[in-house]
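**Student:** Each chain is listed here by its residues.
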Amino acid sequence: MSKNLILISILIILFTSNIFAKETNNWKNDIDPIKKEDWSIAKASHLLERAGFGGTPEEIKFIYNLGHLLAVEHLVNYEKLPTKYLLKFEESNIHDPGLINFPPSRPATTKLAKETGEALGIKVKESGNRKMQPIVNKFFFWLRASRLETQRVAYWWANRMVNSPRPLEEKMTLFWHNHFATNETKVRDYRKLLLQNETFRLHATGNFKELLIAVAKDPAMLHFLDAGQNVKGAPNENFAREIMELFTLGVGNYEEKDIREAARAFTGWNTNDLEFIVNKDKHDTGQKTILSHTGNFTGEEVIDILLDQDAAAIFIVKKIYKEFVNEEVDNIIIDQYAKILKSNNYQLKPLLKTIFLSKDFYSTENIGSHIKSPIELVVSTYKKLGLNKSPGIPDFNQATTAMGQTLFWPPTVAGWAGGSSWITPALLMERGNFARSFLYPDIDFIPKDFYSPDPKIIVMHDAIRNGSDITNATKSSNGGESVMMMAEGNMMADRDEDFNTRYGSYRGWQMAVSKVKPIPRHAAEINFTKMIIDSGAHNTEEAVDYLINRFLTVKINNKKRIMIISFLEENLGTNNIIDAKSYLEDSIRMVVHLIMSQPEYQLG
Amino acid sequence: MNNSVNRRSFLKTATAASLSSLIPMQYALSKDALNGKTLVVLELSGGNDGLNTIIPYADDNYYKHRPNIGIRENKLLKIDDYFGFNPGIVGLESLYKEGNMAIIHGCGYDNPSFSHFTSMAYMHTAAPNSGEEYGWLGRLADHMAPPTHKNFIINIDKTQSLAVRSQKHVPIVFDQPQRFQREGFFVQKSILESVINANNVINNNTAQNFLNEIASSANEASSVISEAWSNYSRRVDYGLTPIDLDKIAALIEADVPARLYYTSFRDNAFDTHVHQPNLHKRLLTYASDAIRGFMNDLDRMGKSQDVVLLVMTEFGRRVPENTSLGTDHGSAGPMFIIGASVKGGHYGEIPDLVNGLDDGDNLKYTTDFRSVYATLIDKWLKVDSKSILRKNFQTFDIFDRTV
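Residue numbers (our numbering), protein chains in the order written: chain A, 1 to 604; chain B, 1 to 403.
Keep in mind that the hints were calculated from the coordinates and are not lab data. Careful: at least some of the hints might be erroneous.
[Claimed, not checked] Pairwise CB distance ranges, derived in the manner of DEER restraints:
{"#": "1", "chain 1": "A", "residue 1": "K517", "chain 2": "B", "residue 2": "S223", "range": "40 to 46 Å"}
{"#": "2", "chain 1": "A", "residue 1": "N77", "chain 2": "B", "residue 2": "S233", "range": "58 to 64 Å"}
{"#": "3", "chain 1": "A", "residue 1": "N207", "chain 2": "B", "residue 2": "F186", "range": "37 to 43 Å"}
{"#": "4", "chain 1": "A", "residue 1": "K322", "chain 2": "B", "residue 2": "T148", "range": "53 to 59 Å"}
[Stated by the list, open to error] Cross-link-like lysine-lysine pairs, in silico, DSS-like; alpha carbons within 27 Å at most:
{"#": "5", "chain 1": "A", "residue 1": "K282", "chain 2": "B", "residue 2": "K189"}
{"#": "6", "chain 1": "A", "residue 1": "K111", "chain 2": "B", "residue 2": "K64"}
{"#": "7", "chain 1": "B", "residue 1": "K281", "chain 2": "A", "residue 2": "K131"}
{"#": "8", "chain 1": "A", "residue 1": "K123", "chain 2": "A", "residue 2": "K80"}
{"#": "9", "chain 1": "B", "residue 1": "K281", "chain 2": "A", "residue 2": "K555"}
{"#": "10", "chain 1": "A", "residue 1": "K257", "chain 2": "B", "residue 2": "K75"}
{"#": "11", "chain 1": "A", "residue 1": "K186", "chain 2": "B", "residue 2": "K343"}
{"#": "12", "chain 1": "B", "residue 1": "K189", "chain 2": "A", "residue 2": "K384"}
{"#": "13", "chain 1": "A", "residue 1": "K111", "chain 2": "B", "residue 2": "K168"}
{"#": "14", "chain 1": "B", "residue 1": "K382", "chain 2": "A", "residue 2": "K257"}
{"#": "15", "chain 1": "A", "residue 1": "K36", "chain 2": "A", "residue 2": "K80"}
{"#": "16", "chain 1": "B", "residue 1": "K189", "chain 2": "A", "residue 2": "K111"}
{"#": "17", "chain 1": "B", "residue 1": "K281", "chain 2": "A", "residue 2": "K114"}
{"#": "18", "chain 1": "A", "residue 1": "K35", "chain 2": "A", "residue 2": "K353"}
{"#": "19", "chain 1": "A", "residue 1": "K114", "chain 2": "B", "residue 2": "K75"}
{"#": "20", "chain 1": "A", "residue 1": "K232", "chain 2": "B", "residue 2": "K64"}
{"#": "21", "chain 1": "B", "residue 1": "K281", "chain 2": "A", "residue 2": "K456"}
{"#": "22", "chain 1": "A", "residue 1": "K581", "chain 2": "B", "residue 2": "K189"}
{"#": "23", "chain 1": "A", "residue 1": "K559", "chain 2": "B", "residue 2": "K189"}
{"#": "24", "chain 1": "A", "residue 1": "K322", "chain 2": "B", "residue 2": "K281"}
Since the model is a prediction, treat every value here as computed from it, not as a measurement. Glycine included, every Cβ here is placed at the ideal spot set by N, Cα and C.
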C-alpha cells in the first residue's frame, strides 16, 4: 500500500514536471529551418494550432509522424487533399431579379417608386391607402433575408473550418476576410459575400497580387467601398484610400495626392449585379501621377505600382507574422520575410513554408503567445473535441458575436483589431460562458434573428393578428402612453401615408422566415466518459492532466491544477476513475468548463 | 430650488448608504477626493458631417458648396439668425434652447489625417502626429486616482477604445451588463473565482500575464456592474437606439465609483459617402434622442449637476459635397458639451467657408480640439490639464453659468 503510494507520487512528480517544465531555446528571430531532431509532439501541436485550428491528440500525432518537412508540406500544399465531401452552400430561394440594384435605403426605394411607379420589381398600387406598402415590405424582407442567409453562409463556413482537411486554406480565407474586411450591413447581399468568400479561398495561399486584383474587382468590395460612385470628373476616394492605407502600404507610405490620383485610375470600375465591368465612358484616361510614377494608368497598373513599393511587402508580411507567429514583431525578421515574398513575386507559399519551418516560429517566445480570436477559439474548441461540425446550440454566430467577432460583419473596413483587443473583462468571462453553453445547452434557445425577441415587433404582431389597423398597431408597439416622452425617432414611424415602415419591417420579417432555410439546431454530441476512459486515466489526477494536456497549450500553474483535481475527486466521491465510470460524465463536463474558463485557454 | 437640492442630496446619501455594505471601502474613500464630477464621452464614429449637423444657413457659401445635400432654410430647426439644427435633432434643439448645450466650432488639429483610424487615434490620445501609447482618459485616470481605485474608467463597447487605454488602470469594458458575469454551477462558483484569483504566475509570457490581470479585474467588476444594471429600469424614452447611454445612467444611479465613461455610436456609422441626407438625419435622430433621454434620466435621478457629456467624432467632412449625394473625409468640425452645468451657446471661432478652406477644400480648424479636452479637465474635473495634454491650451468658460 505505502509502496504503491510512493510509486504513484514518483510517477506524478515525473509526469507533472514533464508538463510544467519550461523548455527554452534561443531561436527568436532566426529564420533558419529547424532540424529533424528538433521535431516533437509539442511542436507539431503548435504548428497545427497556428497553420490551422488545432486538433485532437490523434490529429496532432498524425502531423508529428509526418516529420517536420512533410508536416509543413501537408498543411501548405493542400491542393491534393480531397474536399469533395464538404458540401457546397445550399442557398435558400430568396433572390429574384427585382432585387438587383437594391437601393441604398428605404427612402431611396420609395423615392424610386414615386418617380417610376415601380421598385424592387413591384408596382405602386393604382389607388387606396398605403400604395407602396408591398414595396416597403419587400425592402425589409430583403434586409432580413440577406442577413439571415449570410448567417447561414457563416455557418457553412464555420463547418468547413471545423471539418476541412485543409485547415490552412480556411485559416487564410479568414485572414483575407479580416484584411479585406467587408460588412453585410452595407453590402446587403449574401450572394456577393459568398462569392467574395470563394475568391478568398481560391487565392488563399496563392499570389497576393492576383488576390488583390480579384478583390479590386469583387462585387462585394466594389459595393462596400462605393467604387460604383467613382466616376471620371468626380472620383470617390474611398476605395483608393483603403487600398493604400489598409490593403497594401499603411499610413505614412503615400500622400493624399496619391490617393486622389489613384482614385482616377479606378474610375468606371463597377458591377453588373455579380459581374465586374468597366464603364469605359466613366473611366478617366488622363495622365496620373502616383508615387512618383506618371502615366495613363489603369487600376491594374496602380496595383503594380503599389506592390512595387518595398513598403507593400513589409506591410503584408507584418500582418501575416502578427497573425501566425506573434503580435509583437521585430523589424529584423520582417525585412527578411518581406524579401522572400517580393523575390517570389508575391507568391505566398514560399513565405508561409519558410515561416512554418523556421526556428523563430518554434521559439519559446512564440509558442502559446497568440490570443485566439473568437472564431479561432470556437473552431479550435470543436476541433479539439473531435466534432466534425458546429453544433446548432449554441448558435455559432451568436457565440462568436458575444465574444466580439461575427463572420461577414467586421466592425469597420479595417477589420478586427486582434491581439489583446480581443480581451476585456467582460469578453474574457464570455469566453468561459461559451464553454459552458455547449457543455450544457440552453433548452429555451431561440435564434433571435429568426424569431424576433423585439417587443415592438411582437406587440405589433399581436395587434395586427387581433384585427387592429396598422396605425393603431404602430402606436401600441411604441409602448402607448407609458413612456415619459415620445422620442422623435419613434414618432416618425407612421408619418407617411404611402406606407408604414414599422409594418413593413414586421411583414418583411415574416416573409423572410418563410423563405430562409433554418439552421439545424442540434446540441454538441460529446462523450467525455469515453474520452477519459480511452485516455487510460485511472485516477482523478491523470484524468485532469489528460484534459489539461488536451486543451491547454500554455499550462495553468500547479496550484490551480491541484484545485481542479480536488474538485473532481470531491465531486466523484473517489479518486478512482474506473469506479466512477458510470457517473463520470457530468463531473468531467464541469472540469472541462473549469479548464476552458482559465485565462490560459485563450492562448494558442 | 432649495427643495430640489435637499431632495437631491438626500437621495445621494441614501443610495451611498445602501451600497456601502456591498462595495469595498476604497471606493467610498476616493469618491470625496474627486469632487463627485463625472465625464461621459460619446463618440460618433465614422466622421460626423458637422456642416449638416449645425447648418450656417445665413451663409450663402454653404449652399454653393452643397447644392444638392445642403439643407434648405425652411427645413431647419433654427436656433438663431445664423445657425439652424439638422431637422433630425429635435432633442438637441430642446437642450440648446434650455441653455444646456455648448457648441464649440471648428475643432481640429494641424496636418489632419483623413484616415478614420489615424484621426480617431489622434482624438483618442489627444496627441496628433505622435506615437502616444495611452488614451487621454486613460492618462487622466492615472493622474486622478491610484490603481487601487478600481472601476474608475468604464467603456461600454465590445472592444476597448484607445481613449481609455491607461498605464495603471484596467478600464472596465463591457457591452451587455446582464451578460457580464460568470455562469456556472453552485459547486463550481467558488473554484471559478478562486482559480482566477490564484494569480501567482511568474513567467515571460506577456499574453498570459495580461490575461491573468484582466481576469482578476473582471471578477472584481462583474458583480458591481450586473447589480447596477439589474436595479435599473429605463423610465425615460431614449429613442430607438440608446447608444448605451442608458447603461451609463444605470451605473451613475448606482453610484459606481467610475468618474470617466466612454461610449460610441459604433462601426463607422457616420461615414456618409453616399446618399447622405436621409441616412445622416436618421443617425443624428438616434444620437439626439438618446442624449435627450440621458439628460432626462439624469434629471430624474437628481444627478444632472454632476455629469457632463462630450460629443465628438474623428473628423468633419469635406466642405463641398461629392457626386454621390454624400461627403468625403474632411477635417475640422464642431464638438458639443451638454449638461445642466453647462452654459449653452457658441464657443470658438466659426470657420469661414471661403477663406477658411485648405487646398483640398477642407476646413482649417479654428479651435484645437485639445482646448475642448482642456476645458473639461481644468474646469470640470479640476485637474491640471497640462499634466495630461503636455501643453497649455486655451480653455472656455463653459461651466460658469453666472457670467
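**Student:** None of the hints should be skipped; say for each whether it holds.
**Tutor:** The hints, checked one at a time:
1. For K517/A and S223/B, the hinted distance range of 40 to 46 Å is satisfied, since their beta carbons lie about 42 Å from each other.
2. For N77/A and S233/B, the hinted distance range of 58 to 64 Å is satisfied, since their beta carbons lie about 60 Å from each other.
3. A C-beta distance of roughly 56 Å is found between N207/A and F186/B, which places it outside the suggested range of 37 to 43 Å.
4. Under the hint 53 to 59 Å, the C-beta atoms of K322/A and T148/B, about 34 Å apart, miss the expected range.
5. Of the supplied pair hints, the one linking K282/A and K189/B is violated, its CA atoms being roughly 65 Å apart against a limit of 27 Å.
6. Annotation: proposed proximity of K111/A to K64/B holds, straight-line Cα distance about 25 Å (limit 27 Å).
7. Proximity of K281/B to K131/A is assessed by CA-CA distance (about 25 Å); at most 27 Å being required, the pair is judged to hold.
8. Of the pairs offered as hints, the one joining K123/A and K80/A is violated, with about 52 Å between alpha carbons and a cut-off of 27 Å exceeded.
9. Proximity of K281/B to K555/A is assessed by CA-CA distance (about 53 Å); at most 27 Å being required, the pair is judged violated.
10. With a C-alpha separation of about 37 Å, the suggested pairing of K257/A with K75/B is violated against the 27 Å cut-off.
11. Proposed proximity of K186/A and K343/B is contradicted: the alpha carbons are some 40 Å apart, above 27 Å.
12. For the hint pairing K189/B with K384/A, the CA-to-CA distance comes to about 25 Å; that is within 27 Å, so the pair holds.
13. This hinted pair does not check out: K111/A and K168/B have alpha carbons roughly 54 Å apart, beyond 27 Å.
14. Taken as a hint, the K382/B and K257/A pair is broken in the structure, with Cα atoms around 43 Å apart against an allowance of 27 Å.
15. Taken as a hint, the K36/A and K80/A pair is honoured in the structure, with Cα atoms around 24 Å apart against an allowance of 27 Å.
16. Among the hinted pairs, K189/B with K111/A is inconsistent with the structure: their alpha-carbon atoms are about 57 Å apart, more than 27 Å.
17. A hinted pair counts as satisfied when its Cα atoms are at most 27 Å apart, and K281/B with K114/A qualifies at roughly 21 Å.
18. Simply put, K35/A and K353/A have alpha-carbon atoms about 14 Å apart, close enough for the 27 Å limit, and the pair holds.
19. About 21 Å separates the Cα atoms of K114/A and K75/B, which keeps this hinted pair within 27 Å; it holds.
20. Distance restraint check for K232/A and K64/B: the Cα-Cα separation of roughly 22 Å lies within the 27 Å cut-off, and the hinted pair is therefore satisfied.
21. Taking the CA atoms of K281/B and K456/A, the gap is near 22 Å; set against the 27 Å cutoff, the hint holds.
22. Of the pairs offered as hints, the one joining K581/A and K189/B holds, with about 25 Å between alpha carbons and a cut-off of 27 Å not exceeded.
23. Taking the CA atoms of K559/A and K189/B, the gap is about 17 Å. The hint holds against a cut of 27 Å.
24. Straight-line distance between C-alpha atoms of K322/A and K281/B comes to about 40 Å, which puts the hinted pair past the 27 Å bound.
Against the hints set out earlier in the document, violations occur for numbers 3, 4, 5, 8, 9, 10, 11, 13, 14, 16, 24.
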